[in-house]
Amino acid sequence: MRPGDRLILAVLAIIIVLTALDAATGGAIAGWANAHLAGWAQALGGWLMRIGLFVSPILLLPLVTALMGRFLSVPAGAWNFERSLIGILDRITLTIGGAARWFALGLVVATAVIVIQRYVFGYASTKLQESVIYMHALLFLLASASALLNGGHVRVDVIYEKLGERGKAWTDLIGTYLALMPMSFLILWSSTGYMNSTWRILEQSRESDGLPFVFLLKTAIPVFAIMMILQGFSMAARAAMTIGKETPPPLPDTFKGEV
Numbered sequence: 169m170r171p172g173d174r175l176i177l178a179v180l181a182i183i184i185v186l187t188a189l190d191a192a193t194g195g196a197i198a199g200w201a202n203a204h205l206a207g208w209a210q211a212l213g214g215w216l217m218r219i220g221l222f223v224s225p226i227l228l229l230p231l232v233t234a235l236m237g238r239f240l241s242v243p244a245g246a247w248n249f250e251r252s253l254i255g256i257l258d259r260i261t262l263t264i265g266g267a268a269r270w271f272a273l274g275l276v277v278a279t280a281v282i283v284i285q286r287y288v289f290g291y292a293s294t295k296l297q298e299s300v301i302y303m304h305a306l307l308f309l310l311a312s313a314s315a316l317l318n319g320g321h322v323r324v325d326v327i328y329e330k331l332g333e334r335g336k337a338w339t340d341l342i343g344t345y346l347a348l349m350p351m352s353f354l355i356l357w358s359s360t361g362y363m364n365s366t367w368r369i370l371e372q373s374r375e376s377d378g379l380p381f382v383f384l385l386k387t388a389i390p391v392f393a394i395m396m397i398l399q400g401f402s403m404a405a406r407a408a409m410t411i412g413k414e415t416p417p418p419l420p421d422t423f424k425g426e427v
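Numbering (the numbering used here), first residue to last: 169 to 427.
Among the hints, erroneous ones may be present.
[Stated by the list, open to error] Cβ pair distances, simulated, as ranges: (1) 301 x 178: 21 to 27 angstroms; (2) 192 x 290: 41 to 47 angstroms; (3) 300 x 320: 52 to 58 angstroms; (4) 339 x 219: 29 to 35 angstroms; (5) 279 x 333: 40 to 46 angstroms; (6) 210 x 301: 23 to 29 angstroms; (7) 211 x 357: 48 to 54 angstroms; (8) 251 x 339: 19 to 25 angstroms.
Honestly, the hints are just simulated from the structure, not real lab data.
All values reported here derive from a predicted model rather than from experimental measurement.
We treat Cβ as the ideally placed atom computed from N, Cα and C, and that holds for glycine.
Construct all of the structure, not just a fragment, from the sequences and the given hints.
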């Protein structure tokens with residue numbers, strides 16, 4: 169079973185159980201969610217923001233160790249700490265990206281069913297049509313960090329491939345702190361306003377028979393930004409270890425042999 173399969177199975181199991189409980193209790197679960205979910209989500213978001221601000225200085229660790237490793241001796245404990253963080257962040261990225269890959273299959277199946285419904289039976293389902301939008305957005309947003317780990321993002325750079333190992337490491341390090349992280353923080357900051365708005369009203373589809381989970385779909389945007397920041401840290405830490413003449417941890421087995 170690949171990384172993420174257990175996560176997607178767990179999510180499906182939770183959805184099935186909650187749906188069954190809601191039907192058995194005459195809509196009590198949905199009523200509780202409408203009454204309390206928005207408040208709980210805002211409280212949780214506030215705590216997560218405080219935690220994020222508290223731990224954010226750690227993001228500079230690869231930059232500091234890279235500069236120190238270039239000119240001075242870096243304590244072994246610092247390298248070991250970075251190595252541990254790389255392993256944890258890579259596992260998180262692989263798990264979420266592995267779960268997101270199932271949206272690709274869902275897109276194919278849902279699109280085929282929509283075409284058959286419309287042109288064979290003359291029937292259209294708004295929920296099914298909107299599910300294509302959901303799966304398309306979630307596939308790209310939640311799998312982007314996994315693509316970054318895999319080196320799957322497009323590089324518009326004719327010089328990078330000609331550089332040596334340490335030259336590529338410096339390029340990755342500088343690019344992470346000058347481009348990747350600032351853009352991800354901008355996305356995260358700019359999405360907080362409408363995130364509060366969409367959770368406050370538990371935003372639903374504009375169509376009466378559409379999917380009522382617009383607030384969850386929009387939540388994927390800041391999640392995407394956070395995942396890119398964390399995976400950018402992992403990439404910068406690997407680059408710092410290369411610059412400091414340390415051996416970075418290998419890529420996960422899932423990506424061995426892939427481009």
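We went through each hint and held it up to the structure:
Hint check: residue 301 to residue 178, Cβ distance near 24 angstroms, so the stated range 21 to 27 angstroms holds. Checking the proposed 41 to 47 angstroms range against residue 192 and residue 290 shows it is violated: the Cβ atoms sit about 35 angstroms from each other. Judged by the Cβ atoms, the range 52 to 58 angstroms given for residue 300 and residue 320 is violated: they are separated by roughly 23 angstroms. Between residue 339 and residue 219 the beta carbon distance is about 31 angstroms. The supplied range of 29 to 35 angstroms therefore holds.
With their beta carbons about 43 angstroms apart, residue 279 and residue 333 fall inside the hinted range of 40 to 46 angstroms. Between residue 210 and residue 301, the C-beta spacing of about 26 angstroms keeps the proposed range 23 to 29 angstroms intact. Checked against the hint of 48 to 54 angstroms, the pair residue 211 and residue 357 fails, with Cβ atoms roughly 20 angstroms apart. Roughly 21 angstroms separates the CB atoms of residue 251 and residue 339, a value that falls within the hinted 19 to 25 angstroms.
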